[in-house]
Amino acid sequence: MISIWLFIGISLLVNGALILGAGIYQMINPPAHPEVVLFNLHANLWWGAVLFLVGLFYCIQYRPRHS
Amino acid sequence: MTSSMELLAVTSLVHLAPVDVAIIAFYFVLVLAIGWYLKGRAHTGEDFFMAGREMTAWVAGLSFLSANLGALELMGWAGSAYQYGILATHWYWIGAIPAMLFLALVMMPFYYISKTHSVPGYLKLRFGESSRILSAVCFAFMTVLMSGVNMFAMAKVMQIVLGWDLNFSIWISSLTVAVYVALGGLRSAIFNEVLQFFLIWAGALMIPVLGLYEAGGWEHLKVQITERFSAQYVHLWSGLGHFSTNPMGINWVGIVFGLGAVISMGYWTTDFLVVQRILAAKDLRSAEMAPIIGAGFKMLVPIIVILPGLLGLAVLPVHLTGEAQAAITGGHSYNDVLPLMLARYCGPGLLGLGVTALIAGFMSGMAGNVSAFTTVWTYDIYRPLINKRASDAHYVSMGRWTTVIGVLISVGTAYLVMQFASIMDYVQALFSFFIAPLFGTVILGMLWKRASGSGGFWGLLCGTASSIGMWTWVKLDPGALRYVALSADAKGLAQDMFQALWSFLVCVLVTVVVSMMTKPKPAAELNGLVYGMTEIPEVGEVAFYHKPLFWAGVVTAIFIMLNIIFW
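In order, the protein sequence lines correspond to chains F and B.
Heads up, the first sequence is in the working numbering, so the first residue is 1 and it goes up one at a time.
Heads up, the second sequence is in the working numbering, so the first residue is 1 and it goes up one at a time.
What the hints contain is simulated information worked out from the structure, not anything from laboratory work.
Wrong hints could be hidden among the right ones.
[Said to hold, decoys possible] Derived DEER-like restraints, expressed as beta-carbon distance ranges:
#1 B:L416 to F:W46: 42 to 52 Å
#2 B:W171 to F:W46: 33 to 43 Å
#3 F:L53 to B:D283: 31 to 41 Å
[Claimed, not checked] If we take Cβ atoms under 8 Å as the criterion, some of the chain F residues that face chain B in the derived model are:
#4 L12
#5 N15
#6 G23
#7 M27
#8 V36
#9 V37
#10 F39
#11 N40
#12 W46
#13 G48
On a predicted model such as this, the values are computed, not experimentally measured, just so you know.
Just so you know, even glycine gets a beta-carbon here, dropped at the ideal spot from N, CA and C.
Turn these sequences into a full structure, and let the hints steer you where they fit.
Structure below.
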């Protein structure tokens, strides 16, 4: 049976990749008038990277294995 | 995708970018995929209703916590933190931690050893059929109604925050829940609740992190709140000496005895919605560890719920008000504080994850309601009253259909609330009538072998009736609150606390008196159900750090320290 933690890993991996991608795009093309405060911290960039890495770890650790 | 969202949007607090919509859509795909994958593992009644009783302590514990961590809970308590300050944290600490530890160490052995399918099922074993039917009917009825009320409230939130159409929110979320719970049963609900737990933290954690950065740290935040509002907004206990010395209008008696000793005990130890997750644990040690793990994480939840509300007090340029005043002025209400903070700090991507966390919280709360309703209906109402001798496959089939029907009743309730808004207050009040007396009945049943079947039934009935009576009295004459809460300075929340306390005491008193006048249950029938008549299996020769008692001690020590730090 596929572990619940693999589903968690997939969710964090995909969401992390999407958020990281959005962060990179915004860093390359910064908006003239940012809608959020503390835009200069690029939270979506580093938080997306954290989620991506945690998700990657879970996916590898709990990948289905043949016994 | 953007164009379809634009069609749905009217006016909203936040605007989603395509990446946000992709994150939300991915969540729906994933939960349906989980349900589809697990449908092949829900053949028997034990599979469908009890998740095969094979959940680890971590999965059961996180699911136990998540079933309560709904979107309305997040937004409502963030709003309460803005309105009442750090006092709202009591609902996460003294209003949860002692009860969770009590469930783990004292009550769980009896629930688990008796192999009951539900809390009403335990009442059947301990007190007889009448108590079971009374609690099962009340629970089933309340659960679907509450689910509908929450569904409407969540759709309303989505309308305000995202500008989504009410019908769209109601149907898309309810059909998704119906599909994945009907396919995979409790296991599917539990898997999705654990997923939701991670999504909520991933989606909400950026608010306190960035908020504290903007405010200049916790000490600066306290100074700003004190200057803008009052020092009592940042103290947990020091203002609770009297009803008039804190923003909540309550005193320490109401918090300690009403909330800590009765309401939270009733909710966390007898509400089948949360207890069902623990009953799915694979063994007794896991069942005892699960609420302790839940308690450990529960202590952290104020970081993503209370702290955003407190940060709102300090950094938001606008002043939030109550719902009624906000409707008149066109401003924002307390309950908008979390979406406002989300919009303040979270750009594309993070915003989508935050909104997904809210949607996931709502759907998993609904799945919890529906799966608990399905089990109680099938095992505690349908089987004993309508069809006693059907096959296991028949009951599983009944469970699947009940899931769909339960969701449809919830949808119907949501539309009813849409037409008659006052119903919402009544349904929310109805749920609170039952919890405190039920705790009295269950705890006496577990700890007092002399409690008789008649005592249990009449105690539960009279306790519930007294709660309804007090609520009606205050509804008809608001001045009566001074008698219920024992102070002319008492406010609304104090009523809930004292109403629960009195109804619990009425339940206990009636149960004791009637039990002393009636014949007790034979000792041989109390094995596995009552303290002193049950041999509790030892955890065995395991290292101290594998024992539930050790971790309960760790959680208790942290709990005490936190209360002293934020005194």
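Evaluation of the provided hints:
no.: 1; hint: B:L416 to F:W46: 42 to 52 Å; verdict: holds, 46 Å
no.: 2; hint: B:W171 to F:W46: 33 to 43 Å; verdict: holds, 37 Å
no.: 3; hint: F:L53 to B:D283: 31 to 41 Å; verdict: holds, 34 Å
no.: 4; hint: L12; verdict: holds, 7 Å
no.: 5; hint: N15; verdict: holds, 6 Å
no.: 6; hint: G23; verdict: holds, 7 Å
no.: 7; hint: M27; verdict: violated, 11 Å
no.: 8; hint: V36; verdict: holds, 5 Å
no.: 9; hint: V37; verdict: holds, 6 Å
no.: 10; hint: F39; verdict: holds, 7 Å
no.: 11; hint: N40; verdict: violated, 11 Å
no.: 12; hint: W46; verdict: violated, 10 Å
no.: 13; hint: G48; verdict: holds, 6 Å
Checked against the numbered hints given earlier, this structure breaks hints 7, 11 and 12; the rest are met.
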